[in-house]
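S.K.: Residues in the sequence shown are numbered consecutively from 287, following this note's numbering.
A hint or two may mislead.
20 Å max Cα-Cα, derived SDA-like pairs, lysine to any residue [said to hold, decoys possible]:
(1) Lys411 - Trp383
(2) Lys295 - Lys330
(3) Lys296 - Ala318
(4) Lys295 - Asn324
(5) Lys411 - Ala399
(6) Lys411 - Thr471
(7) Lys328 - Asp312
(8) Lys336 - Glu323
(9) Lys411 - Met375
(10) Lys333 - Glu323
(11) Lys340 - Tyr289
(12) Lys411 - Ala318
(13) Lys411 - Gly472
(14) Lys340 - Phe313
(15) Lys336 - Ala427
(16) Lys411 - Val384
(17) Lys411 - Leu377
(18) Lys330 - Phe341
(19) Lys295 - Leu311
(20) Lys296 - Phe313
Beta-carbon label-pair distances, calculated as ranges [said to hold, decoys possible]:
(21) Ser317 - Leu455: 28 to 34 Å
(22) Gly351 - Gln400: 45 to 51 Å
(23) Leu311 - Arg354: 29 to 35 Å
(24) Thr432 - Ala361: 34 to 40 Å
(25) Ser401 - Glu332: 37 to 43 Å
(26) Gly386 - Pro292: 49 to 55 Å
(27) Gly472 - Ser401: 22 to 28 Å
(28) Ala426 - Tyr316: 29 to 35 Å
Read the hints as simulated data drawn from the structure, not as lab findings.
Even glycine gets a Cβ: it sits at the ideal position worked out from N, Cα and C.
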Amino acid sequence: MVYDGPAEKKHIFYHSKNSEQAGELDFTYYSAVRTVENALSKVKDEKGMKRVEKFLRQDICPDCGGSRLCAAARAPRLQGIPLDEACRMTLSDLVAWVSGVPAALPEEMRPMAQSICESFQTVAKRLMDLGLGYLALDRAAATLSTGERQRMQLARAVRNRTTGVLYVLDEPSIGLHPANITGLTGVMQDLIHDGNSV
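With these hints in hand, go ahead and build the complete structure from the sequences.
M.R.: Here's what the structure looks like:
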């Protein structure tokens, strides 16, 4: 019951240590797992998360091997590769693989696949222009550096076609290879062209 049992209601009689008063109390005992899950569901800020996370641990799922995909999603193969393996590819490798996907499908599926692949290629190209071609799709967001996150947010802002927004960038080229400065400048120009300020 203490670690992972069902909730248990108790009727308690108590006696105060400091006085002669006694009383009754109805109390529900919850297991440790239930208490932590309940606290986690009520977390609203970073401080609350820090309080709860000391009771949590991260582990790789034995069923999916950390891919976060169910067996049905991992089973089909496209061009000889299952989806979880494709997600482990770098963005640069994935762009090359995705370009061959429509041709590998039955004729009736090709128009839809072509549209999806073109959308992916557009987003991937922008990320690669910003020097993020080495990232894999299965990379956890928590492992990204501040610069990587900032460049991903820039790419998203261009894709969403925002207007009238002021973007304040704090040293956006830090850690960026000189060859990728042109891509960064291009993103900034696109934001300005859409009516934003950078």
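S.K.: Which of the numbered hints are not met once you compare them with the structure shown?
M.R.: 2, 7, 12, 14, 21, 22, 23
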